[in-house]
Amino acid sequence: MPVRLFGLEGGVGLESVEARTSIELIGETPVRGEIGETLAHATYISEEFRSFVPPVLRLEEPTFEDQPQLCRVPQNGKSRTIEISVPELGGLTKADPILTNRVRRLLTVLWAIVVSRALQVGFPLVMTTVSTFEDPTEQERKAVLRLTCNASAVQAIAFWDSLEPDLQDWLATLSEADRATFITKLSLRVHWH
Amino acid sequence: MALVSSGSSIFDDFFHLASQAIKDTESSEGALRTAISRAYYAVFLTARDQLFGPDETGLTSSKRKKLRKKFGQKKRPVGSHDWIIFAISDIKPTVTVRPLTLQSQVSQLKEARVHADYHFTSQNLQGIPYNTWREYATKVVELASQVLPVARQLPPYP
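As you go down the protein sequences, you meet chains A and B in turn. The first sequence runs 0 to 192 under numbering that gives the first Met the number 0. The second sequence runs 0 to 157 under numbering that gives the first Met the number 0.
Read the hints as simulated data drawn from the structure, not as lab findings. Be careful, since some hints might not be right.
Said to hold, decoys possible - Under 10 Å between C-beta atoms, here's a sample of chain B residues computed to sit facing chain A:
1) I21
2) D23
3) D81
4) R97
5) P98
6) L101
7) S103
8) D116
9) F119
10) N123
11) I127
12) P128
13) T131
14) E134
15) E141
16) Q145
Unchecked claim - A few chain A positions that, by computed beta-carbon distances, are all more than 10 Å from chain B:
17) K77
18) D95
19) N100
20) P135
Note that the Cβ used here is the ideal one computed from N, Cα and C, for glycine as well.
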């Protein structure tokens, strides 16, 4: 049963997409849909779900759509496997001088880090969009990964802060040029309601 | 009031003014836009003075050269705000100061300030998921309220 993990509708340059989630009892009759419905209502904050989401992907460009993540989920004393396919990040192909190949690659990994962390901690992301920002007074132009969430200010900023170790670890693996590009050309935005 | 004053107390005053504008249900769009600007400057100037001293007197040419080299900005002029925001990311992480996320938080405040001071069309405000200036200004002041205490703990830029 398809389950919406992230509502990417209506974002700048992003297509409306659905994640595919299916559940199978390990060694038993497949059961589909049950976890999906639970997730849809619980907005990923289930304690049980938290520990199954795969580790943050850092070192390679993610290919979530082609390579579904399989996670083991104990529920009601049984072990289940959840297949999670996070949709492709759209909008990166739109024409914009700031969206160079390097920036697109870095944005994609940044998005994967953020989404993975959100799944791990049960953070209720509702929309992710790519946009650009230009400051006319400083000749500054950036590519922006913009997150919208159903959380309070304190929760949203706490989630934002929680990304620091992942970002530091990732940046440590980057070349000097990539790191400089990340600092000067990319930025993360978090919005809450 | 003396012309020369203590920066830190003035920055707190900026934030206080921004908060007051948010609390006032009668605040006009102009007041709310100004609140965004004051909230940003409260944070930005606090970070600037922490990193480079009052009025960035400690931002010497050698430090500018270091920043320019580090961030590959040899081919274009770098705005005065960019120097500070780049420098934040170069601080060693501590329990309370998370440089990369702090940098993006200050950058988000800066984006809001640019919108508040310069932009009036939906085209230029594209991507901002708020419908009113009151809502946008409230979120900005909320963010500034969380970021300001962290900015006060920034160490001098090495």
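Verification of the hints:
A cut of 10 Å between beta carbons decides the hint on I21(B): the least distance to chain A is about 12 Å, and the hint is violated. Because the closest C-beta pair between D23(B) and chain A is about 19 Å apart, greater than 10 Å, the hint is violated. Here the hint on D81(B) is kept, as its CB sits about 6 Å from the closest CB of chain A, short of 10 Å. Hint status for R97(B) relative to chain A: holds, with the closest Cβ pair at about 4 Å, below 10 Å.
Given hint, P98(B) at the interface with chain A, holds; its Cβ is 8 Å from that chain's nearest Cβ, closer than 10 Å. A distance limit of 10 Å between C-beta atoms decides the matter here; for L101(B) the minimum to chain A is near 8 Å, and the interface restraint holds. Interface restraint check: S103(B) against chain A, minimum CB-CB distance 4 Å, threshold 10 Å, status holds. Using the Cβ-Cβ criterion of 10 Å, the hint placing D116(B) at the interface with chain A is satisfied: the shortest such distance is roughly 9 Å.
Taking 10 Å as the C-beta contact cut-off toward chain A, the hint placing F119(B) at the interface is violated, the least distance being around 13 Å. At a threshold of 10 Å, the smallest CB-CB gap from N123(B) to chain A is about 9 Å, leaving the interface hint in force. Using the Cβ-Cβ criterion of 10 Å, the hint placing I127(B) at the interface with chain A is satisfied: the shortest such distance is roughly 8 Å. Interface hint status for P128(B): upheld, as the beta-carbon distance to the closest one in chain A is roughly 5 Å, under 10 Å.
Annotation: interface hint on T131(B) violated; nearest CB of chain A at approximately 12 Å, more than 10 Å. The beta carbon of E134(B) is positioned within 10 Å of a beta carbon in chain A (closest approach about 9 Å), and the interface hint is therefore held. Annotation: interface hint on E141(B) holds; nearest CB of chain A at approximately 4 Å, less than 10 Å. A least Cβ separation of about 5 Å between Q145(B) and chain A falls short of the 10 Å threshold, and the interface hint therefore holds.
For K77(A), the non-interface assignment is confirmed: its Cβ lies about 38 Å from the closest Cβ of chain B, beyond the 10 Å cut-off. Taking the minimum C-beta to C-beta distance to chain B, about 13 Å, the non-interface status of D95(A) holds against the 10 Å cut. Chain B leaves N100(A) outside its interface by the beta-carbon criterion, the shortest separation being 16 Å against a cut-off of 10 Å. A cut-off of 10 Å between C-beta atoms contradicts the statement that P135(A) is not in contact with chain B; the least separation is 6 Å.
The structure fails to meet hints 1, 2, 9, 13 and 20 from the earlier list, while all remaining hints are met.
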